[in-house]
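Undergrad: Going line by line, the protein sequences match chains A, B and C. Letter by letter, the first sequence follows residues 1 to 573 of this note's numbering. Letter by letter, the second sequence follows residues 1 to 317 of this note's numbering. Letter by letter, the third sequence follows residues 1 to 335 of this note's numbering.
Read the hints as simulated data drawn from the structure, not as lab findings. Check the hints yourself; a few may be wrong.
To be verified - Straight-line distance between alpha carbons at most 25 Å, and here's what the computed DSS-like set of lysine-lysine pairs gives:
no., chain 1, residue 1, chain 2, residue 2
1, B, K39, A, K17
2, A, K363, A, K279
3, B, K39, C, K143
4, A, K7, A, K363
5, A, K146, C, K249
6, A, K146, A, K231
7, C, K143, C, K249
In this text the structure is predicted, and so the values were computed from the model without any measurement.
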Amino acid sequence: MSVLDIKNIHIDFPTSKGVVHAVTDVTLSVEKGRRIGFIGESGSGKTTTALAAMRMLANPGFVASGEVHLNSLEGDTNVLHLDEEGMRRVRLRKISYIPQGAMNSLNPVMRVEAQIWDAVVAHEGAVEDLQARSDTALEGVGLDPKVVGRLYPHELSGGMKQRVCIAIGTCLTPDLIIADEPTSALDVITQRHVMQTLREMQAKIGAGLILIGHDMGLMAQSVDDIAVLKKGVLVEFGPVRQIIENPEHPYTKELISSVPLVGGESFLHAQAAPPKGEKLDVPLLELDGVSKVYGSVTALHPMSFALDGEEPKIISIVGQSGSGKSTMGSLMLGFNDPTAGAVRFKGDDINRMTAGERLEFRKQVQAVFQDPYACFNPFYRVNHALKFPFENFGMQGDVEVEMHKACEAVGLDPSLVLGRYPHQLSGGQRQRLIVARALMLSPKLLIADEPVSMVDASLRATILANIHDLKDKHGISIIYITHDLATAYHVSDYVMVLYHGHVVEAGPPKEVIGDPQHAYTRLLIDSIPWPDLDRDWGDAGDARAALDVLAEIGGTPETVYRGDIPGFTLGQG
Amino acid sequence: MSDPTNAAAPETAAPDMAGLTKRQLKRMKRFDNPWNNPKLIWGITLLMGIIALGIFGRIFWDTDLVFTGAVLPSQAPVGFENLRGQVGLASSPLGTDVAGKDLLALLIVGAPNSLYVGVLASLIGMSLGIFLGFTAGYTGGRVDDVIRVGSDVMITIPPLLILVVVQASFGDITLTMMSLLIAAFVWQSPTRLIRAQVLSMRESGYVQMARLSGASDRHIMFREMLPNLVPYLFGSFIANVTTSIVTAVGLEVLGLGPQRVPTLGRVIYDAIDSAALTRDMWWWWGFPTILLMVMFIGLLLINLGLDEVSNPRLRRL
Amino acid sequence: MENTFARYLFNRFFTLFLTVFIAATLIWIIPRLSPVNPIDAMLGRMASGGGTIENSGAIMEQLMERFGFNDPWYVQYWLYIRNTLTFDFGLSTSSFPTPVAQMIGDALPWTIGLMMVALIITFIIGNLLGALMVWEHTPRPWKAVIPAMMVFTSMPPILSGLLLMYIFSSTLPWFPLNGAYSIRVEPELSLSFIGSVIHHGVLPAMSIVVVTFGFWALGMRGLMITVQGEDYTVLAKAKGLKKRYILYKYMIRNAILPQITAFALKIGMLVAGQVLVERIFAYPGMGKLLYDAILTQDYPVIQGVSFVIILMTALAVFLVDLLYPLIDPRIRLGG
């Protein structure tokens, strides 16, 4: 029996440029107890379609035509015909919503249990024993009601907040749960735990589930059916196995192939021997017992390594948020002073440079940051970001010519991007411009800090290939900082896995990621959702057991050394 | 954030313009150019009106009529009668006060004076605020602490009271001196605002990019940060002009402020002092009040308009 | 956790102390920077006036002793600070020999009463209207009317005072023109006296409310627009909560927090406005006292009143800062 039937729905958004047809003629049904994944990139209409069922479209969007039937309603089942009060009663009681922004979804000034109580009261009136209701709901998602119930949202971790949202979303046993990228802000380990909790609760109350997402791997591990949306059109719909193993639409194929696999085929093209860098007596980059302490928190424990620049290499630093990987990035760029130890570039301590030396250091060490939206000054045309460093460093050649060449090298049409303002370009275009900028300056070393985590999945491979080309074609050594083991597996020559500011495992990627030895690395790899249906992602019990493993590792893990590569030495002990 | 509007716009199919009324299209066009803002334009028009009154008034009217006894005292405006039943004279179209000063001439001289005090005090306050805000936000550490605590302290002290003490000690002051004194109390808000903005911009991607490009501190402050602050600076400036005029008028209404120069506040002081309310000489305090209101409404509209320029979410489609 | 809160308390207290200290010092320094010291001037006037001013000899003696003019400046400063911190402001020169502290004591309750009423009303009305400007369920007529009310914003209270006085006191004799209570009732705890006080307080309070609620409304509007887009508001709606409940417990409850901080920063300006309103309505508070002192060049009163008003303002800011953690758990628990 179907819970929800969406029939020929059209959704429009009037904007300053005219009416945008966000969703065009989408028809599908959600069966009781079945999980459906809505997959597509940003702007594909996946969230908009789901929100239409709750009548919660953001202004100024509206349903232009079509029907949405919630079959448990009495009489007229079309939710679009309900009055305001009727719709309010449907929300949460019949259709619940688990939001994307786990960080901000809870009212910051209310205790957790009070946020469950007000939901219960809104639908059932003054009920006796609210405490028991919230306790049951919190216990269901594996949180201790005695402790967590009394806390305020800012005292919870991201995963806990999202589990509270699941508790709220299931406390009235709705017919349908809409989960809007519920794990997008979470680490892979937490992601698995939250996803398993959601599945467990959904199975328990027998509700239908719409899971909105962009990650085919997560979908493969979580849902029964997949609906692929592109530009507001439902391009493919079917059981998950059929979609993953026999995708028909080229867009579906693209989505599946954009998920990098550990061990799978590389998305990079092999190159002839890369050009050599200059030969030096001292390492290109050296960390000598570097550590960083913020107040009472040690972000990075003493670490030493030396990178030789002669043979360009990509060194990956892999870790989850809070592992200290971004701290390392800013230490290597000299944005932060180390608490102890020294960072040396070509033998000179980068925190003790004269103004002239510093300019030279800046010229030779460049970076690509995570957020392509923030990297351009909104006041200037994008040319400013490319032109200014080129001129400031007093580089040879004609700026305009070099800019055009660099844009072409990263696959951008200069006439389409140059001379525009940042907000007129997409995230992918901006990130490629930043890579082009690095190319123009031809540095010796590039720090790439999560360069693709905020870019749409289909573009990630292209941008990583652009970065990889910097090494292969232009002889630039690269430090690649990421949370994504699969991409690190493909691009890097050497991998370090960071946990709480310690290196837990290090060595060539085939060893470290292909055959992990340290419990933490194994856990990370087991937690990655792959678009492989025969791989068991485990159940909620496994996810909880994983957290116990983490607790065992504790604060001072051992380092597992998995072999060396020429030109890079990690300080041992 | 789950905001389908933002997400939907760039990647989806080309929007179609059919089905929109002309009026909607016009409003949307306005949406595209934030500076083409009706509130902003109206506000500027009102202020230009005050300035025009000052300029053309001097050309077409005799400003010497501001002196005591220049015209017949206690005359009503043209078309009205005073309590003695005398009909207003064309020679003093807005009436006169009990000392025989011509109201129109007082307004022509007084209104630009009030605006002058506001603009000058605000300009000085802003310059101080920009300097201190940048220093605090960019330098950090001890300097930041001192500036932060200093502005916290000075924002609590009501400027009017310190000015009263100054006035009581110094006696008569000039317009410019009053502006300087007021400026000492209007640098705190811009300092706080700019400091907060600089602190957040310091961590922003484009400032980090500029540092990577080997930019000097001066380049980062003036070329990367300052241009993005412009709407805030304008907004803060206008708010400060309002505050300064309010403070100046407040002083004048207490009978302080410049004694020999006509200002709108001074005219109101004289009116209250001579019991214009009980004598029913409404024109005496009414006209300067109306002019001040026009000035404040103009400033308010500019400020609301600027708010919408710098925060698109305030704009409505 | 304990530490953060203790530090917060200490910082607030330090700011309070510094504010009072700096204000007191400014009041001391300013007259000494003047080419014509007001006290010298006064002494000069009295000396030349001789017997024409009543008690002039006693006043002069009092002033000479009080300001310690024969001592070096640091002794004078020390005397001043000691006297000020013990609320000993000397004797008034215009109504000699009434102690300034006593005059302030008589005026202070009126000012505090009027100010509390005006500030609280304006804060509540302003924030409510600001919230209604943004709320999607606000009735249409309200949405049209509220923005028009913003015209009064940022006018100085004296102008609204004048207008209200003209309309409701001169033209329509609904409210008394001046004073805090009718001279026909005895100042005692009786119904007629309280009624008279309220009757007299309406116009002064209204002239403050009319011009300041817009400030809060506009601030609230911006904050509400932000809060409206927050994920917790979206989730509140998805939870099927009632719209009024969402408005109060989710939207206003969160948007009000920065407004309370702004309240602390704005008090200084509001107090200044009130001083002027009191002067127009001849309300027997600190404003009137200050105005009369300016007219009679009663320097000890000017000094005392200015100091007490600044002290009051700083205390109010301190109080708001102390109460703030109670309504924002993120500060309370040192988040």
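Undergrad: So, for every hint listed, does it hold in this structure?
TA: Do the hints match the structure? See the list:
1. B:K39 - A:K17: 23 Å, holds
2. A:K363 - A:K279: The given pair, whose Cα atoms are some 18 Å apart, holds under the 25 Å limit.
3. B:K39 - C:K143: Roughly 17 Å between the alpha carbons, so the hint for K39 (chain B) and K143 (chain C) holds.
4. A:K7 - A:K363: 58 Å, violated
5. A:K146 - C:K249: 24 Å, holds
6. A:K146 - A:K231: 46 Å, violated
7. C:K143 - C:K249: This hinted pair holds, its Cα atoms lying about 21 Å apart.
Against the hints set out earlier in the document, violations occur for numbers 4 and 6.
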